[in-house]
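Given chain B, put chain Z in place with the hints provided.
What follows is the residue order along each chain.
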Amino acid sequence: MKRTELVVSSLIVVALMICKFLLPKPLLFSPLVSTIVTILIGCAFLVIFILTVKGKPIERRIVFLVVGIALVFPFFMKVELPIRISPEVQQVYDKMSSLPAGSKVLAAFDYDPPSAPELQPMADAFMKYAFEHDFKVIMMGLWPQGPQQANQSVEAAWAYNPQWMPDSADEKVYGVDYVNLGFQSGNEFVILRMGESFKSMFPADLYYTAYDSVPLLKNIHNFSNIDWGVNFSAGKPGTVEWVQIAVDRHNLPMSAGNTAVQAPMAYPYLNAGQLIGLMGGMAGAAEFEKLTGHTGKAITFLLSQTYAHVAVILFILIGNVAFFLNKKEKK
Amino acid sequence: MEQFGIWLAALLTIGIISFLYKDNILYKACEAIFVGVSAGYWFVTYFWDNLYRKFYLGIQGAELSDQIFLWMAVALGVMMLTRLFDKIGWLSRWPLAFIIGATAGLYMMTYFVSNAFVQIGATITPPPSMETIGDKISFVLIAIGTFCGLIYFFFSKEHKGAFGGAAKVGIWFLMVTFGASFGYTVMSRMSLMLGRFDFLFGEWLGLIK
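So the sequences go chain by chain: B and Z.
Going letter by letter, the first sequence gives residues 6 to 336 in the numbering used here.
Going letter by letter, the second sequence gives residues 854 to 1062 in the numbering used here.
Treat the hints with caution; some may be incorrect.
As the list claims (entries may be wrong) - Facing chain Z, a subset of chain B residues (Cβ under 8 Å, in silico): (1) Ala20; (2) Cys24; (3) Leu27; (4) Lys30; (5) Leu32; (6) Pro36; (7) Thr40; (8) Ala161; (9) Gly187; (10) Ala209.
Worth flagging that the hints you see were computed from the coordinates, not collected in a lab.
Positions of the beta carbon are idealized from the N, C-alpha and C atoms, including for glycine.
Okay, chain B solo, but in the shape it has when bound:
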């Protein structure tokens, strides 16, 4: 390791320790400090632009650092962004709010922790709404870590209203109000078999209770016994497979929440009426949180994402200016 690298690493460690032990918690910038930080980030871009125009392109690490700063500093700013509800998220909410109490809802958690920042806020808001309106929720996952994400959303609902916890006054009883069927391998073939029989794919729930012994599952044999399905998906198997089999073959009314990467693949299904609404990425999650009234991480993260997007757009513009200037000079 070079001497400068050692110095930089030590400085980072010292900075982190100051953050950990000396700074006030939680840290919140005043409006003045927030404005100054924003202006400083803007100034950094101006300097980068001038250097690029002068033919001194910056190092890629500077790009990472600036994007990182643009992501982190908004955590400490108290700025409320206006959130406009898109028609596709409104459709999800309209469908969900049209369901009467006691409706059987199938929630497929097809994602793992890396995609949780985008999908968990949607799942949390859904679960709080479902418990609030007495839906009977059947959770499952086509991804190995999906059922754990499902349990996290139940815990988020408990944190929101401790009365729903076990042994509380308004307890949501496992096996009666909600059940976690766990993970099943086989991708789209699992959905295909569920069309005939849920039990054939899930002989027991996540905790090895036999399918027939779970009261909530007594009269649920296949998709025809489900009132609405919602899929939180980060890839394959996910929304595409659910639409192709559960929706198009078995007429399950279904909505979806997707990571932003996957959302463009799901939009054709939305426009064709195969999906009832779509929540795409962090923006979709924030809109859903706003509609359900359960403010969570997505709304908090939206400011950071906006700053980061502006940073990326500015870098693209600077890169293009440099490209055309270079071309001109070569001529």
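Okay, now just chain Z, sitting in the frame of chain B:
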């Protein structure tokens, strides 16, 4: 114990992020730990969810026809493991052939219905609400985009004259689509980073409420 877990996760996260500076030994160690833990987690999950829950619990009290299917699946699974032995390794081709055949058969039907038939129907059918000028413009744009996009992929005729012009319009539509996808991808990658920063500055450093 919980604090130990948070510190460990924080140090591993910083180790992975350190790759942005340059490849280093801390990053390599974190990467190896991640791969090892993931493989172990998947193995345990598949064992308990498939062999124990689906097979062992599923076979108890099941009808004979279901039992036969479960035993067949186990037999195919065992045949897959024969790859480890040179002399009988050829047996592993049977379950592979079964998987490929079944998947191809399923995809042929599902993609044909959901991604071809229904999509074509939706493209040529005006949406039920054509109330606003925006709805009408979108419908016309989708029709033009689909038509020109298809022309771009039609290679039996040289892309010249009006035909070439339509193909060029098709390219523009494709570029806009790729641009939208790129935008969404950036949004998604930022979200991944946000999740980690939220953990570092929230759970670990305690700076976020």
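Hint-by-hint comparison with the structure:
1. About 11 Å separates the beta-carbon of Ala20/B from the nearest beta-carbon of chain Z, more than 8 Å, and the hint is not met.
2. Against a cut-off of 8 Å between C-beta atoms, the interface hint on Cys24/B holds, since the closest Cβ of chain Z lies about 5 Å away.
3. The restraint placing Leu27/B at the interface with chain Z is violated, with a minimum CB-CB distance near 11 Å, outside the 8 Å limit.
4. The beta carbon of Lys30/B comes within 5 Å of a beta carbon in chain Z, closer than 8 Å, and the hint placing it at the interface holds.
5. The interface hint given for Leu32/B holds, since its Cβ lies 4 Å from the closest Cβ of chain Z, which is under the 8 Å cut-off.
6. Interface hint at Pro36/B: violated, since its Cβ lies 17 Å from the closest Cβ of chain Z, which is beyond the 8 Å cut-off.
7. For Thr40/B, the interface hint is violated, since its Cβ never comes within 8 Å of a Cβ in chain Z; the closest pair sits about 20 Å apart.
8. Interface hint at Ala161/B: violated, since its Cβ lies 15 Å from the closest Cβ of chain Z, which is beyond the 8 Å cut-off.
9. About 6 Å separates the beta-carbon of Gly187/B from the nearest beta-carbon of chain Z, less than 8 Å, and the hint is met.
10. About 5 Å separates the beta-carbon of Ala209/B from the nearest beta-carbon of chain Z, less than 8 Å, and the hint is met.
When each numbered hint is compared with the structure, violations occur for hints 1, 3, 6, 7 and 8.
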